[in-house]
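Chains as they are written, first to last, in the working numbering: chain A, 4 to 454; chain S, 4 to 454.
Please note that a few of the clues may not be correct.
Claimed, not checked - Simulated DEER-style distance windows between Cβ atoms: (1) A:Arg-384 - S:Lys-392: 33 to 43 Å; (2) A:Ser-112 - S:Ser-219: 38 to 48 Å; (3) A:Gly-422 - S:Ser-238: 54 to 64 Å; (4) S:Lys-273 - A:Ser-146: 22 to 32 Å; (5) A:Arg-384 - S:Lys-360: 18 to 28 Å.
Unchecked claim - Stretches of chain A that chain S covers, calculated by requiring three or more beta carbons in the stretch to come under 8 Å of a beta carbon on chain S: (6) 102-115; (7) 171-179.
Hints in this document: simulated from the structure, not taken from any laboratory.
Keep in mind it's a predicted model, so treat the numbers as computed, not measured.
Here a beta-carbon is modelled for each residue, glycine too, at the ideal position from N, C-alpha and C.
Protein chains: 2
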Amino acid sequence: MNVNHSNTAITESACKITDEICLPDTNLPRVVIIGGGFAGLALVEKLKHKEVQVVLFDKNNFHQFQPLFYQVATSALEPDSIVFPFRKQINGYKNVLFRLAEVEEIQPSTNTIITNKGSVHFDYLVLATGTTTNFFGMDNVESHSLGMKDIRDSLNIRHMMLQNLEQAAITCDDKERDALTNFVIVGGGPAGVEMAGALAEFCKYILPKDYPEYPSSIMNIYLIEAIDELLSTMSEKASTKTLKYLKDLDVKVLFNESVSDYDGSIVTTKSGKTILAKNLIWTAGVKGQFPKGIDEKHVVRGNRLKTDSFLMVEGYDNIFAIGDIAAVITEETPKGHPQVAQTAIQQGKYLGNILLKIIKNEGVNPFEYKDKGSLATVGKRRAVADLGKFKFAGYFAWLLWSIVHLLSISGFRNRLMVGFNWAVSYFTYEKSNRLIIRNFKPKSSINNTKK
Amino acid sequence: MNVNHSNTAITESACKITDEICLPDTNLPRVVIIGGGFAGLALVEKLKHKEVQVVLFDKNNFHQFQPLFYQVATSALEPDSIVFPFRKQINGYKNVLFRLAEVEEIQPSTNTIITNKGSVHFDYLVLATGTTTNFFGMDNVESHSLGMKDIRDSLNIRHMMLQNLEQAAITCDDKERDALTNFVIVGGGPAGVEMAGALAEFCKYILPKDYPEYPSSIMNIYLIEAIDELLSTMSEKASTKTLKYLKDLDVKVLFNESVSDYDGSIVTTKSGKTILAKNLIWTAGVKGQFPKGIDEKHVVRGNRLKTDSFLMVEGYDNIFAIGDIAAVITEETPKGHPQVAQTAIQQGKYLGNILLKIIKNEGVNPFEYKDKGSLATVGKRRAVADLGKFKFAGYFAWLLWSIVHLLSISGFRNRLMVGFNWAVSYFTYEKSNRLIIRNFKPKSSINNTKK
């Protein structure tokens with residue numbers, strides 16, 4: 004059926020007929036948000052207690068604090084410290100509802116979304132669905148390696164690593180032991196650099212304690228970067244310092260190299276080098292992800308959705324995109340804004356501020372991105388910071404990194420847990436319990452090094 | 004090949020030839036322990052720094068503190084607070100090795116165990132493999148319900164519960180919503196009673212906050228017990244008080260009832276009653292589990308291994324059983340000792356004390372069990388205690404329960420985490436983050452209530 008989707012509140016009868024997912028009746032316009040990442044949650048915060056019904060859909064029941072995934076992967080933090088349940092977040096927001104469902108399709112012509120739990124009508128739709136790992140079509144690499152775009156990825160990396168270290172204690176084959184204890188990280192952006200630093204510290208401080216049977220040289224960490232510098236979006240000073248820090252930690256950095264194949268044991272690079280490693284972590288690319296139903300002609304590079312400067316998806320008048328999937332293409336930003344947390348938060352807040360005005364047909368100013376600077380850390384007590392003109396590195400940058408991240412985590416309890424773990428770890432280098440609970444099984448069997 | 008398995012140290016060459024799992028060469032007799040529960044770990048502690056090579060095998064890399072599984076299931080604690088990695092436990096024990104492998108078979112004739120990672124020779128073998136849930140052959144019940152004998156079971160219960168509560172927010176079908184929010188716990192022993200109490204408190208204090216959309220009466224908790232009292236191994240006072248506490252929390256206790264069938268939605272009892280519930284937790288029975296290869300004639304009731312009063316398995320002179328699987332059958336204990344943590348710890352310690360004497364052919368005293376009393380808690384601030392002649396209930400019993408459990412948990416960090424969580428929860432009734440990370444899928448589809 005077709006409902007009149009003007010900018011005024013629709014009648015309730017329409018909602019009740021079209022919805023298969025149970026939602027309370029209201030006379031308010033319904034804003035459906037898909038995805039509770041940085042962008043989606045910032046939008047929810049701006050729309051709480053406003054004259055709209057907000058329905059947040061997510062395939063998880065929790066928000067994820069992605070910047071600290073690498074610490075979960077290396078057992079420095081437990082997952083529950085860096086993810087936060089939506090129901091706690093929206094506690095007391097009477098106009099906000101959460102529904103755990105995966106949105107499979109958008110039907111713009113009927114203003115309906117179809118989820119794995121049924122369909123729901125919307126007046127305004129906001130896509131905040133983020134990105135997923137991009138393996139650029141290399142199926143061999145994808146099936147044997149792990150990305151780092153979901154808390155489950157982090158847990159899988161942790162389990163891969165711990166299982167392989169245990170298997171190394173069991174095998175009598177030197178070559179297999181090498182493969183099990185070598186790590187290759189692909190991508191020299193913040194995720195790859197931070198992961199390499201954390202792994203190197205694990206190797207230096209935890210390995211000798213937990214596995215006294217191994218020589219300290221057993222674990223090798225390789226970082227592969229396609230161009231000739233690390234953290235290419237940051238300053239030259241940051242890149243140079245980062246390289247120095249990683250080399251101090253014995254990370255082997257390969258520049259101007261990329262992975263062309265991987266069979267679960269041998270990494271092959273474009274230039275023909277081979278590295279024996281059963282642990283491959285892929286941080287070399289992302290692509291936008293969103294449900295089907297959006298006209299393909301509005302999809303641009305990196306699988307992002309082209310929006311105008313009010314974050315409205317091209318070709319629609321009630322569908323918006325925010326965060327990593329939004330490509331706000333203007334003369335000043337021909338490639339859109341950087342796909343970072345800051346952009347997502349600013350876009351979520353912006354849309355939250357203007358949406359009611361749009362509903363009321365009032366005039367609004369276009370979105371403007373404010374670069375608040377970048378931070379990246381390389382192991383403990385060392386980080387790089389670019390804050391406008393101020394570019395610095397070392398202990399103070401690390402302290403700043405720690406404070407900024409601690410304050411950004413959702414929930415007082417989580418901040419306390421992360422702070423506590425960091426404090427213990429600062430003085431002792433001791434980490435959390437390193438448990439293998441997930442039974443992670445890579446597609447490559449762990450016994451296939453031997454011919 | 005056949006090696007001389009006298010009570011003296013064997014020559015190393017034999018070990019090297021027979022082992023497929025890499026282990027360091029020593030001239031010490033090798034004691035292989037299968038299972039690092041309460042019994043196995045108590046034994047390891049007694050054998051550390053002694054003149055034996057100890058090799059601990061476990062299918063997990065961590066010890067589990069089973070008495071608090073129900074708190075993980077109800078999101079009161081995170082799993083990493085109550086499990087502890089073996090490699091941390093044995094840190095600095097030069098004669099103790101841990102190997103992550105599942106033992107599949109014992110070959111007593113060649114003194115070899117066969118694991119999923121290869122075989123290993125032993126001079127002395129200790130089975131400390133514990134019990135698993137016993138569904139007494141009811142396949143329907145087994146395939147739709149969850150036991151509570153592994154930390155993964157606890158996490159599965161948590162995820163079942165949270166997923167079903169989320170699904171209840173989505174469905175428009177009242178009957179399905181009832182099924183999704185009703186809980187049946189089978190078995191009125193400590194595990195069932197503590198689980199029922201914790202669930203009831205979740206319902207009372209967490210549900211209204213997280214799901215303000217639901218009426219408070221939506222969640223019903225049933226506890227089914229086959230005889231006419233709860234905690235039947237404890238005193239009458241404990242049973243009576245426990246029943247009162249559960250009733251105060253609105254738990255519906257069904258005595259003299261047992262489950263005869265379950266299809267994932269409807270629980271059928273032997274007397275013909277039916278309860279609509281998509282959440283069934285089974286704590287009504289356990290059976291011993293151990294690798295194949297032990298002569299069946301030494302297996303007694305409950306799938307336990309019959310041992311003499313020195314814990315040596317009948318029919319062997321170098322194979323021992325400790326903990327839940329050991330049935331020390333004597334005139335005083337015709338059914339063996341109770342399958343509780345205290346027995347396991349005492350047997351592990353006892354065997355650790357006598358094993359070197361047995362190796363040296365010295366005389367030893369038989370095992371004697373000392374009953375240190377029982378404690379069980381029903382929700383916050385209420386517990387029952389039987390300590391010899393002293394039988395009491397209420398706040399002081401709960402305080403004692405808390406202290407005893409806190410001090411029994413392995414690892415300073417774990418004690419700190421549990422203590423912190425309990426303190427927060429004591430004052431706020433707030434619990435941890437209630438995350439659905441595992442994607443638990445029961446065999447019964449969550450949409451099969453409707454015809």
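Right, here's what the structure says about each hint:
1. Between A:Arg-384 and S:Lys-392 the beta carbon distance is about 58 Å. The supplied range of 33 to 43 Å is therefore violated.
2. Range check, A:Ser-112 to S:Ser-219: Cβ separation about 41 Å, and the 38 to 48 Å hint holds.
3. Checking the proposed 54 to 64 Å range against A:Gly-422 and S:Ser-238 shows it is violated: the Cβ atoms sit about 45 Å from each other.
4. Evaluation of the 22 to 32 Å hint for S:Lys-273 and A:Ser-146 yields a failure: the beta carbon distance comes to about 50 Å.
5. Roughly 52 Å separates the CB atoms of A:Arg-384 and S:Lys-360, a value that falls outside the hinted 18 to 28 Å.
6. As drawn, the stretch 102-115 of chain A meets chain S at 3 residues by the rule of a beta-carbon pair under 8 Å; at three or more, the given contact holds.
7. With 4 residues bearing a CB less than 8 Å from a CB of chain S, the stretch 171-179 of chain A meets the requirement of three and the coverage assertion stands.
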